[in-house]
Amino acid sequence: MSDWMWIVAAVVFVVVGPLVGCLLAGIDRKISARMQNRVGPPIRQPLYDVRKFLAKEQVTPNLVQDFYVMCFLLFTIVTGALFFGGMDLLLVIFTLTLSETFLVLAAYSSGSVYSQIGAQRELYVAMAYEPIILLMAICYYLEFGSFAVSDIVESGEMAFVPLLGVFVAFLFGLTMKLRKSPFDLSLSHHAHQDIVRGMATEFSGRTYASLEIAHWYESVMLLGMMVLFFLNGSWTGVVLGVVVAVLAWILEIWIDNGFARMKWQTALKSGWVVGLILGVGNVAVLLLI
Amino acid sequence: MNDILFMMAVPFIAALVLLVVKNDKARGYIAEVAAAIIILSSVWVAYSYLGEPQTFEFHNEIIDMLMFVAEVILGLAIIYLGIKHKKYAASVLGLVQLCMSLYFEFALKEGIETERALYIDDLSIIMVLIIGIIGSLICVYAVGYMRDFQEHHRDEKDRRRWFFFLLFTFLSAMYGIVLSNDMVWMFFFWEITTLCSFALIGFTRTEEAVNNSFRQLILNLVGGIAFLAANMLLAHQYGHLDLTWLLSHGPDAAQWVLVAVMLLCLAGIVKSAQMPFHTWLLGAMVAPTPTSALLHSSTMVKAGVFMVLKLSPLLTGNLGGYMVMTVGGLTFLLASMAAISQSNAKRVLAYSTIANLGLIVACAGVGTPEAVWAGVMLMIFHAVTKSMMFLCVGTAEHHIGSRDIEDMDGLFVRMPKLAMIMMIGIAGMFLAPFGMLISKWAALTSFVDCEYIVVIACIVFGSAVTSFYWTKWLGKLACTASKAENCEETVHKQEWFVLGVLAILTIATCILYPVVSSETIVPWLEGVFHTSGESLVPLLEANNMYIVILMAIVLVLLPLPFFGRTKKRVVPNYMAGVGIDDETYVGSMGATVDVSLRNWYMNAWFGEDRIRKVGEAVTAVVIVALIVAAIAGVSI
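For the protein sequence lines, the chains are A and B, in the order given. The first sequence begins at 878 in our numbering and counts up one residue at a time. The second sequence begins at 177 in our numbering and counts up one residue at a time.
Hints were generated in silico from the structure; no laboratory data involved. Errors might be hidden in some of the hints.
SDA-like mimics (lysine to any residue), calculated; alpha carbons at most 20 Å apart, straight line [claimed, not checked]:
{"hint": "1", "chain 1": "A", "residue 1": "K1140", "chain 2": "B", "residue 2": "Y777"}
{"hint": "2", "chain 1": "B", "residue 1": "K743", "chain 2": "A", "residue 2": "R1083"}
{"hint": "3", "chain 1": "B", "residue 1": "K743", "chain 2": "A", "residue 2": "L931"}
{"hint": "4", "chain 1": "B", "residue 1": "K260", "chain 2": "B", "residue 2": "F182"}
{"hint": "5", "chain 1": "B", "residue 1": "K743", "chain 2": "A", "residue 2": "S1081"}
{"hint": "6", "chain 1": "A", "residue 1": "K933", "chain 2": "B", "residue 2": "V746"}
{"hint": "7", "chain 1": "A", "residue 1": "K1140", "chain 2": "B", "residue 2": "K260"}
{"hint": "8", "chain 1": "B", "residue 1": "K744", "chain 2": "A", "residue 2": "Q935"}
{"hint": "9", "chain 1": "B", "residue 1": "K744", "chain 2": "A", "residue 2": "G1082"}
{"hint": "10", "chain 1": "B", "residue 1": "K744", "chain 2": "A", "residue 2": "R1083"}
Derived Cβ-Cβ restraints for the label pairs, each shown as a range [as the list claims (entries may be wrong)]:
{"hint": "11", "chain 1": "A", "residue 1": "V888", "chain 2": "B", "residue 2": "T768", "range": "52 to 60 Å"}
{"hint": "12", "chain 1": "A", "residue 1": "Q1070", "chain 2": "B", "residue 2": "R786", "range": "27 to 35 Å"}
{"hint": "13", "chain 1": "A", "residue 1": "V916", "chain 2": "B", "residue 2": "T768", "range": "41 to 49 Å"}
{"hint": "14", "chain 1": "A", "residue 1": "V888", "chain 2": "B", "residue 2": "G577", "range": "49 to 57 Å"}
{"hint": "15", "chain 1": "B", "residue 1": "V746", "chain 2": "A", "residue 2": "R928", "range": "20 to 28 Å"}
{"hint": "16", "chain 1": "B", "residue 1": "L688", "chain 2": "A", "residue 2": "A932", "range": "41 to 49 Å"}
{"hint": "17", "chain 1": "A", "residue 1": "Y925", "chain 2": "B", "residue 2": "K743", "range": "23 to 31 Å"}
{"hint": "18", "chain 1": "A", "residue 1": "V916", "chain 2": "B", "residue 2": "R786", "range": "49 to 57 Å"}
{"hint": "19", "chain 1": "A", "residue 1": "V1150", "chain 2": "B", "residue 2": "V691", "range": "40 to 48 Å"}
{"hint": "20", "chain 1": "B", "residue 1": "R786", "chain 2": "A", "residue 2": "T1113", "range": "47 to 55 Å"}
{"hint": "21", "chain 1": "A", "residue 1": "V1119", "chain 2": "B", "residue 2": "P735", "range": "57 to 65 Å"}
{"hint": "22", "chain 1": "B", "residue 1": "V769", "chain 2": "A", "residue 2": "V1119", "range": "50 to 58 Å"}
{"hint": "23", "chain 1": "B", "residue 1": "V732", "chain 2": "A", "residue 2": "E1031", "range": "32 to 40 Å"}
{"hint": "24", "chain 1": "B", "residue 1": "A430", "chain 2": "A", "residue 2": "V1038", "range": "40 to 48 Å"}
Each residue gets a CB set at the ideal place from its N, CA and C atoms; glycine is no exception.
Between the sequences and the hints, there should be enough to build the whole structure, so can you do that?
Okay, here's the thing in structure tokens:
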């Protein structure tokens, strides 16, 4: 792929990403509803919700939260654009941390105990899954000699088999990153197991809509990372990748509905154990070969 | 060469003047003028010698003699102080060192002359700039700070003259370390920094201060003895005491050269507060804040990392390299974990210093040009940012009466400007696209390239932990739910000036790092590693670099139009009850309840004692085992 193709891919992500993300969110709610023996909302419900948030009366707990949320949304989009633009995986990960930090700051800034507890938990869960994501990037580097997504894609070889360990670890980390139960400590969409609304307690109107939109972008990017494992230079790789990514999404929904929230200790322990065994183990295997 | 001698002498002359001047106002002016001269002379030296590494013919029997006499006197002083304060370990180590010095001077050093006692190269220039600029800025800050300090401790004797004497002497000694080619000189200056920080840590003379200063002294004497042992070994085996000669070897050097290098690295590890010796730096925070800022950013610990970075070309892939890498990597991971459990801001900063130095040391241990590039970059960013953070905490402490992070709740309301500077500092410590992260990124890449899985795991898990403890602090600062009044009107103008300059430097180094790299670090690396700069540092690939710099610029500019502005109606928080305002609500029994929330510390997992025990045991075993192996002649 030439340079301009990557730029096109990044632009496509910025434009189409939220639509796909919205669709995924709709599917999530539909499937969840069916698992709970409900009819569920229409697939486009998340879009209606966001439109409504935008039309609500605009209130805020302080003068600075808007700024943090704006940066959060901006850098979430930048993260995805960098990834789909074929840039360095480490750069993508670090930018993701940056956007995450802005979200946490937004939650902290309100001073509400509920959102602060959520923010702290968000940080805590991030500490649990971050090693996995970094180890994934390292494995790509060891296998392909480059951190750049463009180089990995253009190598024409499928990463799935040599990176099997981190693939499974990534799948595990995805539950945390998507804030799905049992690791939805910071912000849950299951009303019965959250403290008010966790990190988002003080978000409303436009800020809440921004959070939703950012979440759509993020979901697409994370599934994009999933697809990356399967790309092999031909269309079969793309198709296989997308199928696996969709299956992974459904798996996450199933996990989300199948498990109650676990104790916070479990998140760090399990995240690090998985990172250590599957992630570092995979690195060790690649180093030995 | 005279300009270099001038530069080295200025701080010491200023120190002597400050030792006799009693008037506080005069002291302020002298310190400011001296700082200006130090900064200008260091910039001048950097400008004149940049890209022109050279050694200078400079040898003087009288100076050698004076140094030796001073060493003996200081040795005797250590023994005396140890006995006086019942710290016999210090006396014993002091005695051992003194005997070694005497034996070395009269039995081994006979006939070994290092004609070229001074040298300068690009790494030294970087150090000169760090010491000159940041060190003297801290001295300027100290003027205002110590005025407040004396106010707070009015019933105690005013010993500020002694304090300023020590600060400026420290700078001279640091210049000595980074510019001496004669290893006997280097050792002399090395010991002077140990003693200066001993005196600075014990400055307040409380029981805690005395205990901590002796801990510092005892641990650093171990490092000093290792240094001296290396000198003795080199003199005895090879008859050379010349740094350039030592550096002319490669990583596959003869056995005793390697042992000497490992001993020197051990000295560096002690001085840069790596595990198992890290506790001295934690104890150092009892001293007035400028001391901590100085020890953590531009002097003392930087002498330690300077030593290992200097020796890094001799460490690539040998036993010494593995020793240094393992100690650095583990220290990074464990110190970062311990930082989580701390709520005292200075202690968090101390652990973060230890962790970052660990990363630098690990980079030096890897010993490839890429890794060393990352190490030097880390050193620069760390010096600027960490000094700023310490000074911020010092100022906050004097105005809110606490250095506890929990008390910084809503600092944003009480001290908005200071909170902003602190936030810049914290962002600079760990967040993309700022300084430390850029170098951490390069470090990560080079660790993967060196294929040593222990350091890879350490940096991966350590980074995750690092984000956690910094962001939870950042969150506390950002919190705006407070009715407290603004209390930053009374901050001294020197403090604002220094903090402002450091904040600008923090941002400038992030945006200009490619220039710093291409003008100083890369030429130096090409010289010592005999490689071409082309292959260096993939991180500097045009794309990544532009994006990172662009992001930094966006983050600096974005707040200007948007920060703190909103058209929305501001409403109180939801309290799941009848909220009165953001800080109180009416509880179910009708009583007014205050809202407060503490951060996470997870003492059961990351408690200091637990971490310290593990860290000390593992790193001590690694160091002893590998040095013994090297002495036994094992090679890999």
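Verification of the hints:
At roughly 16 Å between alpha-carbon atoms, A:K1140 and B:Y777 fall within 20 Å of each other, so this suggested pair holds. Between the alpha carbons of B:K743 and A:R1083 the distance comes to roughly 12 Å, so the proposed pair stays at or under 20 Å and holds. Annotation: proposed proximity of B:K743 to A:L931 holds, straight-line Cα distance about 14 Å (limit 20 Å). Distance check on the hinted pair: B:K260 and B:F182 sit about 38 Å apart at the alpha-carbon level, beyond 20 Å; violated.
About 14 Å separates the Cα atoms of B:K743 and A:S1081, which keeps this hinted pair within 20 Å; it holds. The suggested pairing of A:K933 with B:V746 holds, with an alpha-carbon distance near 15 Å, which does not exceed 20 Å. The hinted pair formed by A:K1140 and B:K260 fails the criterion: a straight-line CA distance of about 54 Å is larger than 20 Å. Straight-line distance between C-alpha atoms of B:K744 and A:Q935 comes to about 5 Å, which keeps the hinted pair within the 20 Å bound.
For a cut-off of 20 Å, the pair hint linking B:K744 to A:G1082 stands: about 10 Å separates their Cα positions. About 10 Å separates the Cα atoms of B:K744 and A:R1083, which keeps this hinted pair within 20 Å; it holds. Range check, A:V888 to B:T768: about 55 Å between beta-carbon atoms, so the 52 to 60 Å window is met. Roughly 31 Å separates the CB atoms of A:Q1070 and B:R786, a value that falls within the hinted 27 to 35 Å.
Checked against the given bound of 41 to 49 Å, the beta carbons of A:V916 and B:T768, roughly 46 Å apart, stay inside it. A beta carbon spacing of about 53 Å between A:V888 and B:G577 agrees with the range 49 to 57 Å that was offered as a hint. Checked against the given bound of 20 to 28 Å, the beta carbons of B:V746 and A:R928, roughly 25 Å apart, stay inside it. Between B:L688 and A:A932 the Cβ separation comes to about 46 Å, which falls inside the hinted range of 41 to 49 Å.
For the pair A:Y925 and B:K743, the beta carbons lie near 25 Å from each other, so the given range of 23 to 31 Å is met. About 53 Å separates the C-beta atoms of A:V916 and B:R786, a value consistent with the hinted range of 49 to 57 Å. For the pair A:V1150 and B:V691, the supplied restraint of 40 to 48 Å holds, since their beta-carbon distance comes to about 44 Å. Range check, B:R786 to A:T1113: about 51 Å between beta-carbon atoms, so the 47 to 55 Å window is met.
The beta-carbon spacing between A:V1119 and B:P735, approximately 39 Å, falls outside the hinted interval of 57 to 65 Å. Roughly 53 Å separates the CB atoms of B:V769 and A:V1119, a value that falls within the hinted 50 to 58 Å. The supplied range of 32 to 40 Å is met by B:V732 and A:E1031, whose beta-carbon atoms lie about 34 Å from each other. About 46 Å separates the C-beta atoms of B:A430 and A:V1038, a value consistent with the hinted range of 40 to 48 Å.
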